[in-house]
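Asker: As a plain string of letters, each chain reads:
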Amino acid sequence: MSPRALTAWILGAPGVILIIGFLFQAIAAANSSFFFTWGYYAEVLIAGLLQGVMYSLVALGFVLIFKASGVFNFAQGSLVLFAALTMVGLMEMGLHWVLALVATTAVLVLVALAVERVVLRPLVNQPQIILFMATIGIFYFLDGFGQTLWGSDVKVLDIGIPRDPIFILPGLVEGGILINQFDLYAAATGGILVAVLAVFFQKTRIGRALRAVADDHQAALSVGIPLKVIWAVVWSVAGFVALIAGIMWGGKLGVQFTLALIALKALPVLILGGFTSIPGAIVGGLIIGAGEQVAEVFLGGFVGGAIQDWFAYMLAMLFLLFRPQGLFGEKIIERV
Amino acid sequence: MSQPLASTADTQPAAETESPLLAVNNIEVIYDHVILVLKGVSLSVPKGGIVALLGANGAGKTTTLKAISNLLRAERGDVTKGSVEFAGESVQHLTPNDLVKRGVIQVMEGRHCFEHLTVEENLMTGAYTRTDGAAAVQQDLEMVYGYFPRLKERRTSQAGYTSGGEQQMTAIGRALMSRPNLILLDEPSMGLAPQLVEQIFEIVKRINEEEGVSILLAEQNTNVALRYARYGYILENGRVVMDGEATALRENEDVKEFYLGLSASGRKSYRDVKHYKRRKRWLA
Chain H
263 MSPRALTAWI LGAPGVILII GFLFQAIAAA NSSFFFTWGY YAEVLIAGLL QGVMYSLVAL
323 GFVLIFKASG VFNFAQGSLV LFAALTMVGL MEMGLHWVLA LVATTAVLVL VALAVERVVL
383 RPLVNQPQII LFMATIGIFY FLDGFGQTLW GSDVKVLDIG IPRDPIFILP GLVEGGILIN
443 QFDLYAAATG GILVAVLAVF FQKTRIGRAL RAVADDHQAA LSVGIPLKVI WAVVWSVAGF
503 VALIAGIMWG GKLGVQFTLA LIALKALPVL ILGGFTSIPG AIVGGLIIGA GEQVAEVFLG
563 GFVGGAIQDW FAYMLAMLFL LFRPQGLFGE KIIERV
Chain B
24 MSQPLASTAD TQPAAETESP LLAVNNIEVI YDHVILVLKG VSLSVPKGGI VALLGANGAG
84 KTTTLKAISN LLRAERGDVT KGSVEFAGES VQHLTPNDLV KRGVIQVMEG RHCFEHLTVE
144 ENLMTGAYTR TDGAAAVQQD LEMVYGYFPR LKERRTSQAG YTSGGEQQMT AIGRALMSRP
204 NLILLDEPSM GLAPQLVEQI FEIVKRINEE EGVSILLAEQ NTNVALRYAR YGYILENGRV
264 VMDGEATALR ENEDVKEFYL GLSASGRKSY RDVKHYKRRK RWLA
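Chains H and B, in that order, give the protein sequences.
Just so it is clear: in the first sequence, position 13 is 275 by the numbering used here, and no numbers are missing.
Just so it is clear: in the second sequence, position 24 is 47 by the numbering used here, and no numbers are missing.
Careful: at least some of the hints might be erroneous.
Said to hold, decoys possible - One side only, chain B facing chain H, incomplete, derived with CB under 8 Å: (1) LEU140; (2) GLU144; (3) MET166; (4) MET213.
As the list claims (entries may be wrong) - Dumping the calculated DSSO-like pairs for lysine-lysine here, alpha-carbon to alpha-carbon at most 30 Å: (5) H:LYS490 x H:LYS514; (6) B:LYS124 x H:LYS490; (7) H:LYS490 x B:LYS228; (8) H:LYS514 x H:LYS527; (9) B:LYS124 x B:LYS104; (10) B:LYS124 x H:LYS465; (11) B:LYS70 x B:LYS104; (12) B:LYS175 x B:LYS228; (13) B:LYS175 x H:LYS465.
Said to hold, decoys possible - Covered stretches of chain B (in silico footprint by chain H; criterion: 3 or more residues with CB under 8 Å from a CB of chain H, positions within the stretch not fixed): (14) 128 to 138; (15) 195 to 204; (16) 235 to 246.
Everything labelled a hint here was simulated from the structure, so no lab data went into it.
Yeah, the Cβ is synthetic: ideal placement off N, Cα and C, and Gly gets one too.
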């Protein structure tokens, strides 16, 4: 990203937040039934942003596979469920959560190898729609396989992250701002994960090869980059990201089959951020998380509520109309 | 017409007596199990040589190169007959990855740079298969910048935004980063200004001489190719119809007529040209 674009973001994002705040303040001044204080606004916003990080975590897995193979991996959601189920299952067998984490990662690497061998390799050079259909198959397989293996009861995944809400800045705002500690940990984990991935992609030999494959399969083959290895690596990394997302979402909602459907929330995040961009997945998640929360709390009253359910898709549709490559998607470079 | 065609029998390259670096024996290539593209192509590249593979569009030049580098399989092509030997070993069943490790790398037609990677990252991807340490790779990066000073200036630009000539240089430099013994260079002149073509061929020749890299070159630009290559094969409809020393080919009446656009007896009428073509096909 260019420095100019970066400054635009650093100045623009708080600007938009302030403008929306002042707008609400004006509405509140005109209409006594509209409740608004800056402290409350900040609280809602922060809760939304933290929720957004959770969306980003899921979206990240999609971006990884899309970047390396140009395939929208429909199975990412069930990968999240499968990872969480395996993790809980292992912990129920008495493993410490760190050990369970390592073991689950190993299982996910095996899944990645199997996917490469059984699904991707035989389908090499097929049109992308075929690969997409194959990932739908993987979705149902993983969905069923995980529940066959570990049962379909709702399970509690608890790795000891504190859940009590805390108050911050009691001096600045009356009563302080209420923050869910769990969300805070999830956000921190997401941040670390992204930093690690960024270093991996930019600085390592494998990471560079991954980006090369994303740009041009044929050329990557011609310089001796083995696609098999790259695909296995990408699916493994996507599996690990799914595991982290599974732990966070599972901890929040409980581990159950609807976990696989959070993939649907990742879709608008991807459209907003751009399918090929890791920063895009993060920013997209934040915008959608904060946007739907603020819209629900402040505007929900006007339209009868439940904005949260459709806000993200509405936003995604606007983006498809006006900026189909997303905020950070790679522009298709075309020289004439 | 008075000059006899250079036949395969009497003008074999001298290197044939020792074992050549690359020997392609009578290969047949079929795409998608039905489309017969190569109908028995044989050629050899001596150690340290530059060999040109000439011919019109669709003659089978690129297919021949891909059969050697084994990129064919990714396009549903298959070598159904014949053999490919590199340094005395059969390499038909190796993956492109193994071939690059052994020193055979292809520079694809149309450059195929990684658009969103910087020029330097593009070059570094060429070193993917290397295991001899970062210092050696760094040294080779400087070597590539030595041949292509222009790339050093553009090292941080995204390759997709560089000019066609710069992309061709990046593609050749990237191949060079793998420390190859043999570069399969496909149509390096495509879409470039004549002056730039000359410049790139000049550098290719220097790489050949100074680094001892052998080069098998597929070109439509017969004129340039025959000036830099030492030996040439002419492909037509998936067959080698003529081969010989580059100097001999340049003087050959048929080559002059069909590929260099020259003729000793001035312009010929269309009917004569048609006659020529017919004669040549029969001979082939």
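Asker: Indicate, hint by hint, whether the structure satisfies it.
Answerer: Outcome of the hint check:
1. LEU140: holds (6 Å)
2. GLU144: The hint holds - GLU144 (chain B) has a Cβ within 8 Å of chain H, the shortest such distance being about 6 Å.
3. MET166: violated (17 Å)
4. MET213: violated (14 Å)
5. H:LYS490 x H:LYS514: violated (36 Å)
6. B:LYS124 x H:LYS490: holds (16 Å)
7. H:LYS490 x B:LYS228: violated (35 Å)
8. H:LYS514 x H:LYS527: Roughly 16 Å between the alpha carbons, so the hint for LYS514 (chain H) and LYS527 (chain H) holds.
9. B:LYS124 x B:LYS104: holds (25 Å)
10. B:LYS124 x H:LYS465: Holds, at about 23 Å.
11. B:LYS70 x B:LYS104: holds (25 Å)
12. B:LYS175 x B:LYS228: Roughly 20 Å between the alpha carbons, so the hint for LYS175 (chain B) and LYS228 (chain B) holds.
13. B:LYS175 x H:LYS465: holds (20 Å)
14. 128 to 138: holds (count 8)
15. 195 to 204: Holds: 3 residues of the region 195 to 204 of chain B have a Cβ under 8 Å from chain H.
16. 235 to 246: This one is violated; 0 residues, fewer than the three required, reach chain H with a Cβ under 8 Å.
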